[in-house]
Every structure is written in structure tokens, then in C-alpha cells.
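Undergrad: Please work from the sequences and hints to get the whole structure.
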Amino acid sequence: MSTEKLIVVLGPTASGKSELAKKLVKEFGGEIVSADSRQIYKGMDIGTAKQKNSPVPHHLIDILKPNQKFNVTLYKKLAVKKIKEILDRGKLPFLAGGTGFYIKSVVDGIIIPEVKPDWKLRKQLDKKAISELASWLKKLDPVRFRTIDVNNRRRLIRALEIVLKTNRPVPKPRKAPFSLDILIIGIKTDKEELKNKIVKRVKKMIGLGLKKEVEVLTEKYGWEAPAFQSIGYQEWKGYFERKKSLEEVKNEIIKNTWQYAKRQLTWFKKDKRIRWVKNYEDAENLVLKFIQ
RNA sequence: GGGCAGGUGGCGGAGCAGCUAACGCAUCAGACUGUAAAUCUGACGUCCGUAAGGACUUCGGGGGUGCAAGUCCCUCCCUGCCCA
1 MSTEKLIVVL GPTASGKSEL AKKLVKEFGG EIVSADSRQI YKGMDIGTAK QKNSPVPHHL
61 IDILKPNQKF NVTLYKKLAV KKIKEILDRG KLPFLAGGTG FYIKSVVDGI IIPEVKPDWK
121 LRKQLDKKAI SELASWLKKL DPVRFRTIDV NNRRRLIRAL EIVLKTNRPV PKPRKAPFSL
181 DILIIGIKTD KEELKNKIVK RVKKMIGLGL KKEVEVLTEK YGWEAPAFQS IGYQEWKGYF
241 ERKKSLEEVK NEIIKNTWQY AKRQLTWFKK DKRIRWVKNY EDAENLVLKF IQ
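Letter 213 of the first sequence, counting from 1, is numbered 213 in our numbering, and no numbers are missing.
Hint data in this document are derived by calculation from the structure and do not stem from the laboratory.
Just so you know, not all the hints are guaranteed correct.
[To be verified] Result set (SDA-like, lysine to any residue): computed pairs, CA atoms no more than 20 Å apart in a straight line:
1) 197 to 209
2) 65 to 216
3) 52 to 267
4) 69 to 43
5) 203 to 175
6) 211 to 230
7) 204 to 274
8) 278 to 196
9) 42 to 206
10) 175 to 267
11) 26 to 230
TA: See the structure below:
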């Protein structure tokens, strides 16, 4: 029985996770480890609603340049390390963010095959027709083929990458959860309310100078940098090419953010461990009980 | 008043006589083990059915021609542009 504890705070974008996590940290002490695939990147402050100059310690924010690639495995290693360090300091770690897959990777301790991305190989495979990739995988690894999404080129390529690099089939998904007591708090918002928050937030971001932020960053790193697949950034490309108005960009960001929020909700819905809270008091009570 | 273009599903937009309401967007639902704010899937006129499937309805209104009509003809209404 472990007495070490981890608190996860998750929710769709704009639901108020950061505020909630910060408030909890202020009350109970502790440090925050971000579980956000975008706040990882330096310079993306406005568009990711980053918490700057917070008195509460935040980890895994601003650690990469926008042109650097990142992935779950790396995230998991870093996050686990940070959590351990926090525990060693005798403090309470909070894992807060909206990237479901990243959260899952640490909470469930998923074990991802140790095959590093080989971008040269991927590029080659990417030239092939999707049906070709599918039939190749079918031949090399019929077991993985049975469960894979045959229309998802990206997954097909990764599966082939593993098979070709290791000369063996893709291992079965495995988990090695770490021995902590974990409380997962999810922020419950009704759809209309969340929609309004998103609209408000996007307007605010634009008011704070999102356009300038995007302009400066993309001039420096180019539109192809991995970080600029992000919502709030990609939409500006057409604007700077004079194909879109500011109004269109704004509406597109709102739309994409909302669609993203729904995808997050779909992901979270499946996890029955999540304790959904309506407000701070609910969360506070859960934490109180949990840390006793 | 005259000329031209057009009126198709929530929106955009194909089809210009024959089978199956193309396709895109939005919407709803979902998948996810090294790009995850990414990538991908299904449903989406109505009704019946768990399903395979079946029945019905639609292309501004009305009329007509044809075995068969968003698709051709007549007429009316509406919209945009041009001329007066």
C-alpha cells in the first residue's frame, strides 16, 4: 500500500482546469505538472492560455522550441520524473491538463514499444498508397492488422515502423501503473456554458495580441513547425496569405476549439475513475477526503 | 419596363431526361499504445426493422410533353447583375 498520492485535474479546453488546479495547490500545497501537449512549447503563450508568472510551481511548460518534435513516450518519462521529484520533496503533485493520451500514459503507465520514430522511413512509407500499407501490415503482422484502423495512415505507418525495425509483430498493449494513490478530478461543464467560455476566450486571446504572437513565431520557425498544428495558430496561415479576414480566422478558431473540446469529452467519458466536479467546493472535498 | 444569370438537404454546391439525394461544410456519435489542439471512422430527407433490408418523399409554385423530368416546354413568384 502506497501512501504517496497524485491528483489529476482534467477537463476540456476552457473549462477552467488551470484555475482549479492552482486554487487547489494554493490551499493544499504542492506543485503542478502540466499535461498539455501545446504548453510544452516556448513562446506559445496567448494561444495556449498559458499560466505565466504564477506563484505556483508549474512543470513541463516552455521546455521545447516550436520546431522540435515531441511525443507521448517522452512526455511520460518527463512527467513521471517530475512527479517523483515532487514526491521526494515531500510535496503533493498535481497533474493538470487536457491531453487525454498524455494523462493516460502516466496514470495507467502505458508501455509503448521502444521503437523511436524513424522519420526517413516514415517519409518513404508515406509515399505508398494506403491500401498498400494496409496489405503489407496484414502480411507482416496479421494480429495488429486485425485491430488497426485501416484508413488511418499515421497508425499504419507506425505499426509498420515497429515491425520493420524489430522484425517482430507489434507487442500487445501493456500497462505498468505506478504505485500511487490517484485521484482524478474532471471538470463538468454543460455544453452551452463551455461554448460561451470558448467564444469569450478566443476573443480575449485575439485582444491580447494572438495575431502578433503567431506572426512572430511563424516568421521565426516557419509554418511547418510541429507546434503550429495547434488550434489558434494554423488558422492564421490563410490570413497572412490574404485569403481570409480576421473575422473568419476568429470564427474558425472558435469552431476548431469547440470541436476539439468535444473530442476531449469523448476521450474522458470512457474513464470511469474520473470524479466529475461542478465547482471548487466539490473538488476541495474530494481532495480533503483523498489526502487524509 | 427590357436583357442576362439563377432558385436543389441546416449551409455551400454538383447533376441538365433513366438506376443509388455526388461532394464539401456544419451537426451527432465514436476510435485512439512514440505527431494526440494530431490522425481516423460511422450516421446524417422521412418511416418500419436488432439486422440484412424494405416503404415513402424531395430539387421555388402551378400546369404540360415523354414509358421516364431538378433535368425539356408554358406560366407565375422570388433573388442578383446589367440596360432603361
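Undergrad: Run every hint past the structure and note whether it holds.
TA: Status of each hint after checking the structure:
no., hint, verdict
1, 197 to 209, "18 Å, holds"
2, 65 to 216, "13 Å, holds"
3, 52 to 267, "28 Å, violated"
4, 69 to 43, "15 Å, holds"
5, 203 to 175, "41 Å, violated"
6, 211 to 230, "14 Å, holds"
7, 204 to 274, "30 Å, violated"
8, 278 to 196, "17 Å, holds"
9, 42 to 206, "19 Å, holds"
10, 175 to 267, "18 Å, holds"
11, 26 to 230, "30 Å, violated"
When held up to the earlier numbered hints, the structure conflicts with 3, 5, 7, 11 and fits the remainder.
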